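Student: Residues per chain, in single letters:
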Amino acid sequence: MVLGVTFVVFLLLWLTPGDPVEIFLGQTGPITAEEIARIRREFGLDQPFLVQYGRFVARALRGDLGTSIIHRRPVVSLLAQTIPATVELTLFAALIALLVGVPAGVIAAVRRRSLLDMAGTVIALAGVSLPGFWLGLILVIAFAVNLKVFPVAGRLSFGTGLVPQTGFLLLDALLQRKLSALVDVLRHLVLPAWATSAGMMAMTMRLVRSSLLETLNQEYVHTARAKGLAEHRVILAHALRNGLLPVITALALNLGALLSGNMVVETVFGWPGVGRLVVQAIQTRDYPLVQGGVLFYALTFVALNLLADLSYGFLDPRIRHGRE
Amino acid sequence: MRRRSWRAFRRNRLALAGAILVVALGLAVALAPWIAPHDPLRGNLAERLRPPGYRGGSGPIYLLGTDNLGRDILSRVLHGGRVSIALGLLVVGVSITLGVTLGLISAYVAGFCDTVVGRVADVLLAFPYLVFAIALMGLVGPGFLNLVMALVFKEWVIAYRIVRSEALTLKQAAFVEASRAAGASPLRILFRHLLMNVLPSAVVVATLRVGWVVLMEASLSFLGLGIQPPQPSWGVIIADGRDHLFRAWWISTFPGIAIFLFVLGVNLMGDGLRDALDPRLATERIPE
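Line by line, the protein sequences give chains B and Z.
Take the first sequence: its position 100, counting from 1, is numbered 100 in the working numbering, and each next residue is one higher.
Take the second sequence: its position 162, counting from 1, is numbered 162 in the working numbering, and each next residue is one higher.
Okay, chain Z solo, but in the shape it has when bound (with noise of 0.2 Å):
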């Protein structure tokens, strides 16, 4: 018993662990227009791709070092983190919903309705992640708007996919019959048996995902398919620093890190309340 208890602290801590860094990176980026030393767009061409530390004639330091333009790494990296994160959040928020209100429908309901939302998750779920967002992207253009859209398109499928199994056993458990037999209204039955049901699994796979849709924006950004620069993100900085990788490590480098202590952050935590909140769940399955 005692173990256990140990065990289950030890899992805590780290799942703490990555909620401080989610907060404190959060805060920072939420607060970025106040405690941005430098404008994240406006650069000094006099003070082009300067190390990290580097102290100018006047103003503030320039932490981070500065890109070929300029800029002051920091604070772009700053800016770039809330529409990173933004990006994250949104594409999240809206694929869960659809996720799981199509999920739940399709479990309920059955029939057609079912057949046909999943045929068109497993067309989706045939194609790679990021291949498919690439092809994506390069048809409706770059921005963020689209990017969103994008990301939606196939994203829904995960959530759509949880839901719909768990919501199909539940289904049959017995104090869903109970209720339907005691004459609840199939409205009643989806919102307050299946939904409050399924709603830890949405929450844990939501946690996680949202790691996952950083790391896409990242990438799609450096294809030159995602945000489009001057307007920063953490895949945009990473992009700029590529051509200057012999002379200004720095500029790539830092974003990155942003983005794994966000994504570090944000997996151990959906773990820690996977841990919490669903044990079943087995998220190393979670397809990519």
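The shape of chain B in the complex, shown without the other chains (with noise of 0.2 Å):
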């Protein structure tokens, strides 16, 4: 699977017409055929289709993804520097997506019916039909450009002394004890994350709410009932419990898909993450870039994926079970 990936990576751009020697070189003036044919050998772009895939792979395997073309710097130290952004950013939008999407599912299972039930499922369908980068723009039209309670772009403001050092800003924040640093950093994710987690929200909402109502269906929900519990405590400690489990492992793929989502709603945000690298590689034709950032992508949804399967049988003993 994972060969399959690397081909398909390979094959996307070995295929793209446009020479990445010419519009290298076209910034720098005229030039010789020399010296074009000089710069093929260097990226080894001379050589045939399956010698180039070869050595790719190869040389993949020992984590070294060649040289930017624009950067001139090794793909991998470009990506190991925007990763964090775009973690640190998919994480904290998982986070508002399941804080506000599992208390509305519990409240529209148990309303079930009620005006509350039907507004969230409409909301939660509204979720699902935005175009995150949109709602991104409309978030710094009304936040940032209007209100001005929330910074335009970027992920941290000027003279906050923060000194980068996992590049998880948060983290660092929190281990150099800069309070001030901390909400900076706070109020750059905000927008952003609001505007990629609105699907998954809704996807959660929507996910805790039906499993909740199959749930409550059960028996030992009814044998709590009859024991004479509160109702609440029904709800939160004996269904909520078992109900949760599809939003558990539905989780990785929100991951995939919240990551996914990032790359353009970072170029809105101008977040300094693999997402607004890959498309600026992309524009500018640097095909090393973008192969190791989709690359990326690529492996991270695999694991993702595989993380999911993985956790229907560890979290659920029947299905566990039920294969023997």
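Simulated from the structure, these hints should not be mistaken for laboratory data.
All values derive from a computational prediction rather than experimental measurement.
Every residue gets a Cβ at the ideal spot worked out from N, C-alpha and C, and that includes glycine.
One should not assume that every hint holds.
[To be verified] Pairwise CB distance ranges (calculated): (1) B:Arg40 to Z:Leu98: 56 to 62 Å; (2) B:Asp64 to Z:Gly53: 54 to 60 Å; (3) Z:Leu63 to B:Gly313: 54 to 60 Å; (4) B:Ala153 to Z:Arg192: 56 to 62 Å; (5) Z:Met149 to B:Leu229: 38 to 44 Å; (6) B:Ser311 to Z:Arg192: 37 to 43 Å; (7) B:Ala33 to Z:Leu98: 54 to 60 Å; (8) B:Gln81 to Z:Asp243: 25 to 31 Å; (9) Z:Leu168 to B:Arg73: 47 to 53 Å; (10) B:Leu11 to Z:Leu187: 50 to 56 Å; (11) B:Ile123 to Z:Leu187: 30 to 36 Å; (12) Z:Leu199 to B:Ala58: 45 to 51 Å.
[Claimed, not checked] Computed, partial: chain B to chain Z, Cβ under 8 Å: (13) Thr6; (14) Val8; (15) Ile123; (16) Leu125; (17) Leu130; (18) Phe133; (19) Leu137; (20) Leu139; (21) Val140; (22) Leu259; (23) Val294; (24) Tyr297; (25) Leu306; (26) Leu307.
[To be verified] Stretch-level coverage of chain B by chain Z, calculated; a stretch enters the list once three of its residues show a Cβ under 8 Å from a Cβ in chain Z: (27) 83–94; (28) 275–284.
Fit chain to chain and form the complex, with the hints in mind.
Tutor: Laid out in structure tokens, this is it:
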């Protein structure tokens, strides 16, 4: 599977029309044919397809994804520099989605068929019907341009005194005990995270609602009620614990969706993550960088899917025993 | 019983609302050449960045304002919708046809053919949709037909997966066995029994996917990798407004609202269709 992915990634860019060398040299003025040939050799672009692919895989296994043509730096170091920003945004967005989606789903299930439930259903559908990047623009217009309560773009303001160490700025701020920097980082995170989390929030809400409705009909819930437990204990302690299973198993898949949705949102917010890096690389035809970025996304996606598959059996013993 | 019918009724009401939204937007967009008040491509530089409701010296009102080239946003949104919706229908139409055909063949013929198509589908599914589409559009370059091809390239897998697994179950069903025993030809079984029985799912999936494809068009065009300006599409108009967020919020806002209403309508309709046609289909689990 992983090999298939690397092959497609390689194939995609190998087929790309437009010569990266010419684009690269286009910025330095007129250049001789020998010069072009020299650079083609330097990047290995003069070799046959399969040789190039073999080299690509062999080097990738050693953690070498080549050198960015535009940045003139190893792709791996460019990725390493941007991955924390993307991961931080994705996890923060997932956190928001869960914090809003789970309670909303519970309320919708408990107050089933009420006005609240119906409103929730429509809002959830609305959440998956919005382009995330457009929501981002609207949030910028409302909260950054007009109300001026959140910054327009970026991850950190100047002059906070925060020294990036791990790349995860929230963590850095905590480690360095800089409260003002922490607040600043959070303020930068709110709008992009909100924009990306809308879809997952809606999915989580629908999932919690339908799964909780199912568990509320189970016999052990009737038993709990018959014992005379308070209704909120029945729901929170008994039904929800099982009702959350599908939400947890869907978490990995949702993270994958968030991650790729972030590509465009990062561009909107000037967020220095992998998504923006790859989009810029595509616009400048920086092959190695695009390859590395797409490979990062695909491999993360595969890993998350695998995690989702494994978590079914891990969290629900019935499935594990059913398979035996 | 009353409860159940009441629920069905309520669901249908939402689906109906969705259908009305889709039909209304579809009609407005289809009639764009006749009802759009201005030329979507020709601007009036004297009327740049006018707010919604602006009435110029002469001619019709600029109901949704103008962009930085003095083009009427309403007319651009109407004409842009033609491109966005047509793209959605075309991509989904081709993908569903391809997916249903390959899914049926895979399930019915099985063996080598099934393995090969299945592997290709697996590898394609390993890529996040947007990442794949962005990379592919970077490769083939922007434009309407390229966008159709790039999206179909990945989109067919979704129908393929669903149809294949349904057809595999159907193949074992007693009525198919009976038909085979009665001497029906493979083609007859494929078309008469398998195809007819997977169609409801295909219709539901197709409806829900149109919304998704419209969202993809918006993302890709926004990045400059989809439809090329000056031709308007909903994604292109949002991109047009990006540099003018501070002065002219209306350029990006209105095409986004159009997308939102259309996709919401399609989703409401799709959910309703699913409940009516194929309640077992877990649409929450359709991969992104």
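Student: Indicate, hint by hint, whether the structure satisfies it.
Tutor: Hints and how they fare:
1. B:Arg40 to Z:Leu98: 56 to 62 Å: This hint is violated: roughly 38 Å between Cβ atoms.
2. B:Asp64 to Z:Gly53: 54 to 60 Å: holds (59 Å)
3. Z:Leu63 to B:Gly313: 54 to 60 Å: holds (57 Å)
4. B:Ala153 to Z:Arg192: 56 to 62 Å: Given a distance of about 59 Å, which is inside 56 to 62 Å, the answer is holds.
5. Z:Met149 to B:Leu229: 38 to 44 Å: At 59 Å between Cβs, range violated.
6. B:Ser311 to Z:Arg192: 37 to 43 Å: Given a distance of about 41 Å, which is inside 37 to 43 Å, the answer is holds.
7. B:Ala33 to Z:Leu98: 54 to 60 Å: violated (45 Å)
8. B:Gln81 to Z:Asp243: 25 to 31 Å: holds (27 Å)
9. Z:Leu168 to B:Arg73: 47 to 53 Å: holds (50 Å)
10. B:Leu11 to Z:Leu187: 50 to 56 Å: 36 Å Cβ-Cβ, so the 50 to 56 Å window is violated.
11. B:Ile123 to Z:Leu187: 30 to 36 Å: violated (48 Å)
12. Z:Leu199 to B:Ala58: 45 to 51 Å: holds (48 Å)
13. Thr6: violated (10 Å)
14. Val8: holds (6 Å)
15. Ile123: Constraint on Ile123 (chain B) not satisfied, violated at 11 Å.
16. Leu125: Hint holds; Leu125 (chain B) Cβ to chain Z Cβ min 5 Å, cut 8 Å.
17. Leu130: holds (5 Å)
18. Phe133: holds (6 Å)
19. Leu137: Because about 5 Å separates Leu137 (chain B) from the closest Cβ in chain Z, which is inside the 8 Å limit, the hint holds.
20. Leu139: violated (11 Å)
21. Val140: With Cβ-Cβ at 6 Å, under 8 Å, it holds.
22. Leu259: holds (7 Å)
23. Val294: Hint on Val294 (chain B): holds, closest Cβ of chain Z at ~5 Å, below 8 Å.
24. Tyr297: With a minimum Cβ separation of about 4 Å from chain Z (threshold 8 Å), the hint on Tyr297 (chain B) holds.
25. Leu306: violated (10 Å)
26. Leu307: violated (14 Å)
27. 83–94: violated (count 0)
28. 275–284: holds (count 4)
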